[in-house]
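Undergrad: What follows is each chain in one-letter form.
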Amino acid sequence: MLYQQIASNKRKTIYVMIGFAILVLFIGAAVGYVFYNSAMAGVVMAAVIAAIYMGMMIANSTNVVMGMNHATEVNESSYPELWHIVEDMALVAKIPMPKVYIVDDPSPNAFATGNSPKNAAVAVTTGILSRLNREELEGVIGHEVSHIRNYDIRLSTIALALSSAIAMLVNLGMNSFWWGGGRRRSNDDNDNGGLEIILMLLSLVLVILGPIATTIAQLALSRNREYLADASSVELTRNPLGLINALRKISTSEPMKAADPSSAALYISDPFKKKRSMAHLFDTHPPIEDRIQRLEKM
Amino acid sequence: MTGMLIGLAVIAVIIIAVVVMYNGLIKARTYTEESWSQIDVQLKRRNDLIPNLVNTVKGYATHEKETLSRVVQLRNQLVDQTSNPNPTTDQREKMMETSNQITDSLKSIFALSENYPDLKANQEFTKLMEELTNTENKIAYSRQLFNSSVASYNIKLQSFPSNLIAKMGNFQQVNYLQVPEEETKAPSVSFDK
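Chains as they are written, first to last, in UniProt numbering: chain A, 1 to 298; chain B, 1 to 193.
Just so you know, these hints were derived from the structure itself, not from any lab.
It cannot be assumed that every hint is accurate.
Said to hold, decoys possible - Straight-line distance between alpha carbons at most 20 Å, and here's what the computed EDC-like set of lysine to aspartate or glutamate pairs gives:
#1 94(A) / 40(B)
#2 127(B) / 81(A)
#3 94(A) / 33(B)
#4 94(A) / 118(B)
#5 249(A) / 196(A)
#6 120(B) / 81(A)
#7 156(B) / 87(A)
#8 127(B) / 290(A)
Said to hold, decoys possible - Okay, the calculated bits of chain B under chain A, using three or more residues with CB under 8 Å as the criterion:
#9 2-14
#10 125-134
For every residue, glycine included, the Cβ atom is placed at its ideal position computed from N, Cα and C.
Generate coordinates for the entire structure from the input sequences, incorporating the hints supplied.
TA: Laid out in structure tokens, this is it:
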């Protein structure tokens, strides 16, 4: 079951990459068409930006993600308890010891990132350290270590890189539209207005909906993985109550300040405590009550 | 001619299968030994830490000589038991029994520290407490790891066809470490509550 899940995660990573890559190129074409009057230029720009982001992420995703979330690396002597818990969980999960980071934020939360178990990191907030006891912290770290062992971190890192690339692309286009504007308008006198208007509208729709579509895809990927990581955490700690209590404490706390919006899906629980959207399409995480209910059944 | 080729192919496949299964058994057995040595490392580490703890506590808790000497005695017993590099199953069981008793008496030492505010404020003591909590938890987790690696090894020993190879290679079944009643609920120990 677990091995199948890991294999399917590795396979899905490839599908996600291909799907996202196509979407990036389409959005690039739309941005190019709307803002620079040349779809081809947009495609080239998108390919370059996506390649840079992917390269950056694959080469050192840990540093990038930790930097985006203002996390600093710590060692055994500065945070002995946290370090020892991560060691314990890595031991039972049979993965190498990941790097350990701290985010200076009073809201309790945690996340894991990296490309592979050999090259992974977990981060926790100072808030989680002060509010959770050892058993609860074990449940949380067990959850993060499970993300590492199940290769969820690779999938979410790639998804994060590509959605950041799309956000960057759209921003670039918007900026040149506001600041370098007017280029588009000079062509409006052309005769073939009908087709151009349709293309223009289509492109605008793509530019507006593109980032939303990538977010939805990224979030759907992340939601399903939370249940699995919760279950795996209990498999490691043999103590569902620890994680249940931790989730309760996390859900009743204030939102985070230091978190980066595009890495929200990495956290154990939504760092921004958004109101639940009707269709749950924009939720980064399944409702905490559902997660607790599933844990209680174990 | 073709008959001979088919025969040779069948023999080759059988040989490959035997080699693969044999290696799988060796790997699984090595893994149980490795995970035992994880437990062993932690037991020895705790044995090293206990004298430091006793020395620190002695200065503050003068009325607790009995509790302290009991932990020292148990610790020395465990030192003797861990001196054998290749313990039998019985010896392992005995080691775990002593280890559980040490866990209990450490718990009572940490509990009695509540009565000695100066001791609780001692930095050396808080450091030792975290170190010991850490080894306690690591012992519990490496026991869990040991049992799960024993389980996968024993499954290989019993299931067909690898059980045939196991018989030929004289692979012996490994016993699980029994977990005391209270520990089945939560393996993690926290002294800090």
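Undergrad: Taken at face value, is the distance from the CA of residue 290(A) to the CA of residue 127(B) at most 20 Å?
TA: Violated: residue 127(B) and residue 290(A) sit about 39 Å apart, past 20 Å.
Undergrad: Take a quick look at whether residue 94(A) and residue 40(B) sit within 20 Å of each other, Cα to Cα.
TA: Cα-Cα ~18 Å, so holds.
Undergrad: Holds or violated: are the alpha carbons of residue 120(B) and residue 81(A) at most 20 Å from each other?
TA: Distance ~17 Å between residue 120(B) and residue 81(A) Cα, so the pair holds.
Undergrad: For the segment 2-14 of chain B, do three or more residues have a beta carbon lying closer than 8 Å to a beta carbon of chain A?
TA: Answer violated; 0 residues pass the 8 Å Cβ test.
Undergrad: Is residue 94(A) within 20 Å of residue 33(B), Cα to Cα?
TA: Within the cut-off at roughly 15 Å; holds.
Undergrad: For the pair we were handed, residue 94(A) and residue 118(B), check the Cα-Cα distance against 20 Å.
TA: violated (40 Å)
Undergrad: Quick check: the segment 125-134 of chain B, covered by chain A? Criterion 3+ residues, Cβ under 8 Å.
TA: holds (count 5)
Undergrad: For the pair supplied as a hint, residue 249(A) and residue 196(A), is the alpha-carbon distance within the 20 Å limit?
TA: violated (55 Å)
Undergrad: Under the criterion that the straight-line Cα-Cα distance not exceed 20 Å, is the pair residue 156(B), residue 87(A) satisfied?
TA: With a Cα-Cα distance of about 29 Å, the restraint between residue 156(B) and residue 87(A) is violated, given a limit of 20 Å.
Undergrad: Regarding the pair residue 127(B) and residue 81(A), is the alpha-carbon distance no greater than 20 Å?
TA: holds (10 Å)
Hint compliance for this structure: hints 4, 5, 7, 8, 9 are not met, and every other hint is.
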